[in-house]
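Undergrad: Spelled out from the first residue to the last, the chains are:
Number of protein chains: 2
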Amino acid sequence: MTAVTTAWKSVDVEPVSDSTLARLHGWWRAANYLSVGQIYLLDNPLLRTPLAREDVKPRLLGHWGTTPGLNFLYAHLNRAIKERSQSTVYVTGPGHGGPGLVANAYLDGTYSETYSDVTADTEGLRRLFRQFSFPGGIPSHVAPETPGSIHEGGELGYALSHAYGAAFDNPDLLVAAVVGDGEAETGPLATSWHSNKFVNRTQDGVVLPILHLNGYKIANPTVLDRIPKDELRSLMVGYGHEPYFFEATEETDLAQAHREFAELLDTVLNQIAEIKARPADDDTPVRWPMIVFRTPKGWTGPAYIDGKKTTGSWRAHQVPLANARDTPEHLQVLADWLASYGADELFDADGRLDPTIAELAPEGDLRMSANPHTNGGLLLKDLRLPDFRKYAVDVPAPGATIAESTRVLGSWLTDVVRLNPDNFRIFGPDETASNRLQGVYDATDKQWNAEYVGPEVDEHLARVGRVMEMLSEHQCQGWLEGYLLTGRHGLFNCYEAFIHIVDSMLNQHAKWLKVTNHIPWRRPIASLNYLLSSHVWRQDHNGFSHQDPGFIDHVMNKRAEIVRVYLPPDANTLLSTYDHCLRSRQYVNVVVAGKQPSPNFLTMDEAVAHCTRGLGIWEWAGSEVLGEEPDVVVATCGDVPTLEGLAAVDLLRKSVPELKIRFVNVVDLMRLQDEREHPHGLSNAEFDMLFTRDKPVIFAYHGYPWLIHRLTYRRANNENLHVRGYKEEGTTTTPFDMVMLNDLDRYHLVIDVIDRVPSLQASYATLRQQMVDDRLAAREYTRTHGDDIPVVRDWVWPAAHGATFGAVGATESTGGDNE
Amino acid sequence: MTAVTTAWKSVDVEPVSDSTLARLHGWWRAANYLSVGQIYLLDNPLLRTPLAREDVKPRLLGHWGTTPGLNFLYAHLNRAIKERSQSTVYVTGPGHGGPGLVANAYLDGTYSETYSDVTADTEGLRRLFRQFSFPGGIPSHVAPETPGSIHEGGELGYALSHAYGAAFDNPDLLVAAVVGDGEAETGPLATSWHSNKFVNRTQDGVVLPILHLNGYKIANPTVLDRIPKDELRSLMVGYGHEPYFFEATEETDLAQAHREFAELLDTVLNQIAEIKARPADDDTPVRWPMIVFRTPKGWTGPAYIDGKKTTGSWRAHQVPLANARDTPEHLQVLADWLASYGADELFDADGRLDPTIAELAPEGDLRMSANPHTNGGLLLKDLRLPDFRKYAVDVPAPGATIAESTRVLGSWLTDVVRLNPDNFRIFGPDETASNRLQGVYDATDKQWNAEYVGPEVDEHLARVGRVMEMLSEHQCQGWLEGYLLTGRHGLFNCYEAFIHIVDSMLNQHAKWLKVTNHIPWRRPIASLNYLLSSHVWRQDHNGFSHQDPGFIDHVMNKRAEIVRVYLPPDANTLLSTYDHCLRSRQYVNVVVAGKQPSPNFLTMDEAVAHCTRGLGIWEWAGSEVLGEEPDVVVATCGDVPTLEGLAAVDLLRKSVPELKIRFVNVVDLMRLQDEREHPHGLSNAEFDMLFTRDKPVIFAYHGYPWLIHRLTYRRANNENLHVRGYKEEGTTTTPFDMVMLNDLDRYHLVIDVIDRVPSLQASYATLRQQMVDDRLAAREYTRTHGDDIPVVRDWVWPAAHGATFGAVGATESTGGDNE
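Residue numbers (numbering that gives the first Met the number 0), protein chains in the order written: chain A, 0 to 818; chain B, 0 to 818.
Chain A with its partners taken away, still in its complex shape:
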């Protein structure tokens, strides 16, 4: 590997030499030829014989429209990188740019180095063409299989978020981010321009946005292409950029286009170098340059097909010749199109690229396809994690102390920040303090490079800081993804209800992880860690519209090898869980934890043991008799359900002393699944040991109740499982009213037990009625006083029930690692 030389060099802007021009144009023609070849050709890659019908793929799948523009930019960046030794990542925003990026990686040699069967010869070309959008081959996007990619572009709108995520804490890195004018219409992209207020000139790298304005989407013009040029300029100025315009039409002389763009690119890169060269303490507002790259869609393709305008129109978006095999005329259009690139001049008889053209590319890791930042696992360093046990809350007896779990986590994260000053960041949409992680501001600030008015109101804002807050969940997720994909660590804290905003981003990232798990050269990256707080049960300021625990359900649809969901019931279990998450790789870890004062149940040793198992019996809570089957299992998952479940057991123990109750708590939701479904899953034998094969199980769960059924429908005791959870009831009210409205409250759980344990139904009608009355009284009190009844609000586990944590904590700790 060639070492990456960092630079931010300025060069003299002067006309490119004829030889450079020839290389640029040669490279572009070669990349375009290879792109068209990938879309259409099954065989005969260099057309050594006249193009025949059988040479054309039977199903033409792929996208041409954006590709020549991407190739043009790639060629020119190659020249500049080589001249400046500037480490550069290429982010391909437009969807379906795959053929272009694959072509460029092939031309610079990376592709053959990565995939030894795709050799730099005619047979390699044949394979390169054949595999594209072909069964068993590669997709049309800049997928994980593509060397140099951190961004698929397949779902639209977070090219710039990813680019900025890559730039954070990489002060010497240039990220050339090509933005499609289609994706520019998406919400996430539209707001991501404002990322430039968050990037710091000295701490971070530079993002160069290049708006690829080719004018059309699938079947429509694009908005940004159909507003006056002055308006577009204003928009970019309004976004805080200094825009540079490059414009070429189908009539533009191509040599002239190369000359002009090369000069423009040098001007822009020099401007970036000038900004980077300012003194470190220079706080002059920065206006980063960006480029508007207005070129014809499908540039260099057939101008008309069947008499219809194709190049420079939406008809060039996908496969312009949808049926190249169907008529001799269409076949001829394709043959002429391919011939127009003059492949004979570009590749020798063996299919090797002309060496003078090949010289355009930089060498080694300076090739954008080989930049190590795009295979972030290569650069990943373990976090230095302080011993989370030292941040434990004191738990002399279960429920004897109170803590805000996320605040406790924040004290540990504060030291995580201190120990990892350049590869760990916390992302959140203006909610980090609201989620009670504000302890981290003892160690760092929120990074903010827009205007600053003074310390009276601008608390914890600084030019450089480890906390990134913008009121856009899309941005937080996109920045974090970009940061992780380039080999760093972080977490995203968010209100539970709003995390659905990034459902489709989660999809894409989880799919990326799944695919990279099976690509040997892709090195594992740090997990994507969520901390969902202000959760459905305790987001007191907010009403019905803020209630939704369904992100867990969404995540569970992704592959078991990727996703993990944890619901630690108290502060110490949260610490243990999060330590595990920050050590893990290639997962999506969803952790749901409350921020409100709540009882602590487990000492740190117990917490570690419990988290290591992922679920277990809390013997101190139950009333079962060792060696006998319990009469009923009360199971809980989530902090509020655990509180209510314990309170229910307390009521039962007092009123029905003979009842043998087993209390089970679940931290790691995946443990409920079958071991064949998920690597964390319990065997049936283990499950039956915990939940019995035939006793009623009353399960108090944090989210939508049917998820528990989905996870357990094949278990022997499925039909005795009765789940309470959120069922879309409640609004702004007291915490207890919330659980009551959803039948998750302690009184209702007692009723559930009575109703399901046959022996109780006759003898405890009075107790049952008492529970019904207590519920109504609680509701009445709440509606009159606007508060919970004190006995509910201030409830703690009675020490009399047994203050010590029994056999459950007795096994060896494995360091809080639940794997």
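These are calculated hints, taken from the structure and not from any lab test.
Any given hint could be a false lead.
Said to hold, decoys possible - Label pairs and their calculated CB-CB ranges:
(1) B:PRO227 - A:LYS380: 31 to 41 Å
(2) A:ASP120 - B:PRO227: 48 to 58 Å
(3) A:THR783 - B:GLU250: 52 to 62 Å
(4) A:SER115 - B:GLU455: 44 to 54 Å
(5) A:THR783 - B:LEU378: 32 to 42 Å
(6) B:LEU378 - A:PRO523: 33 to 43 Å
(7) B:ALA776 - A:ARG258: 49 to 59 Å
(8) B:GLU560 - A:GLU249: 52 to 62 Å
To be verified - Below, computed lysine-lysine pairings styled on PhoX-like, alpha-carbon distance capped at 25 Å:
(9) B:LYS8 - B:LYS81
(10) A:LYS228 - A:LYS308
(11) B:LYS726 - A:LYS513
(12) A:LYS228 - B:LYS228
Just so we're clear, the structure is a prediction, and the values are computed from it rather than from any experiment.
From the three backbone atoms N, C-alpha and C, an ideal C-beta is built for every residue, glycine too.
Since chain A is already given, all that's left is putting chain B on it; use the hints.
TA: Frame of chain A, contents of chain B only:
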């Protein structure tokens, strides 16, 4: 009701009179007083006795920061509306604007008319205050309970999308859309400014965006407040607007502020009137005005609390005095704050608003809180629907003809468009033609009011049209929601994988519908109809990243009373289903249907009968013997699973003639649920009749398989249910390879049957092996030829199996209504 007079009047811009000024300021003070009262006061609403600790709510929940600005704007709009008789809707973008909008609705009388217990007197004030953010009361947002609201503002970012949706086809309506500078950072809001390129000057109403730039979010400054004013101006110009700036600080003289804003508002409304007055054929580009309203956060609140800057800072966001009851000093701050509004001058001894102040409000329906457009059901007219039976495809025998289902639907929609020229629109992110609905362009165009270059490329674009396409699912959903909420009809067509982009918007809309179902004065509105095509099995150009059928799962978490999911297996069932959806009210209807050529199975009569039941036995497909239990049930849901299921049955019928197979198809997914869980649910007896109590059921399902288990886990035959569906495998490949990679293919279904019917396991080992071999051969063929094997690709149901549709079609049709 006072009739709404339409206007677009111009008035002379002149200084407001002193009496008007007094009314404006009086109204504003009253609205602010009522807002503070709602947040803090449990009792003593007019402070007739000195404020006591017990008068203050024990739990202070609510948001003050945005409220005074909202109240200021409301007061000024009242004046202008009255003067111009201009029908106006107020859209409150900032979250938690509830206290302000409730206060204004109370002041103009609407609130007491709507809620007769909240009277216009002291007792009414007490109730008004008490109910806010109180158990059993109303939320902090501009919730459905708030008269005049179509937009909760509780989840952030679609104020402008909703506003434009309301404006479409309401040429005389002004929509004043207040945009919070927090929500302005979200993606959906950032792109929604571009809606102005889609609204038409003559066909549609006018949206007046008012950027409420109060500078702070929960704990941070806002981006748009911390960029130079020129940059903000450029941004708004870049968005296509003419910005007007209003700026007030804490030092601004309030009378002067009223004077200036009144003048500015008149100038802006005159400019709108001038634009509206241009000749109908004037195609000059329109630059609509917008207002930047820069005012202090928490304006008129306490400047400092506990020595910390409060008004004009993020500390004013929520409840500035978080513990007003805790110390005498804090109580005094609240008392002084409340006193500052001079409630004695605003309300008489009985608590009635001073009549001269009350005169500020317009009358009847011109009051923004009473505008009928904000209770869209009042204005809703049934669609005129052509008889969908006339668009039926011919089905001489099952599988004998081929159609693209969505194209057939498009032919019917074409006439729906023709018959409903002013209250029906089709929304889609650049995919309407891709989803094969392009037939509608025979009747209409895509509405496009940006630049137009000519017919050679701008096909089907026009200044006015029924199809709305922008490459933002957020915009499509937001526009459609706004259109529906104001009493019109429409549908959203989208690629299945990308619909997750609007997961959280769906949440909010479904929750809105749920709440309005229980608000008597809210009239039912048309359902939100999705058409998801380019679905997971047949989106051939796209790879793994485009595959996700999980929107169904997401929707299923919402209340059963709201959500409906249909998977019609062919063209005629799709027609019948969609006719039903467009007739329905208050639902979210999700319809998943393919666009690729696919066999038709049911004649229209059969389709209507089948859709009416929602699921049923296809006797022609199975081989069961009347009066005997089948050996196995093959069930399918979704078009591709149905094709594979039928092909599997065909293989079985040929190879295992003695096997008694029942074939069940499910159109209405909710039928699988228990009747106690969903109004469409089957009783256990019905379910057992169809699926037996103990025979193997092989279920081929369109989406994630565990959803079927979740729906059926309580059914008697649950443990014999074996579901195949999408399990996150596949990428760009052939259609058959996709089903094969996910074990949903015909061969695998046959193997599933053999493995689960005990009598077959021994005797049909050869057949089983043949299936294994056939799968491998198909895969090999696919990977070699890039195409499906012809027998798979061109498969049709063999007529020999029985071409007629038996007893299943014999019941009475109920007109395709599956309710």
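Undergrad: Quick check: which numbered hints come out false for this structure?
TA: Violated hints: 3 and 6; rest satisfied.
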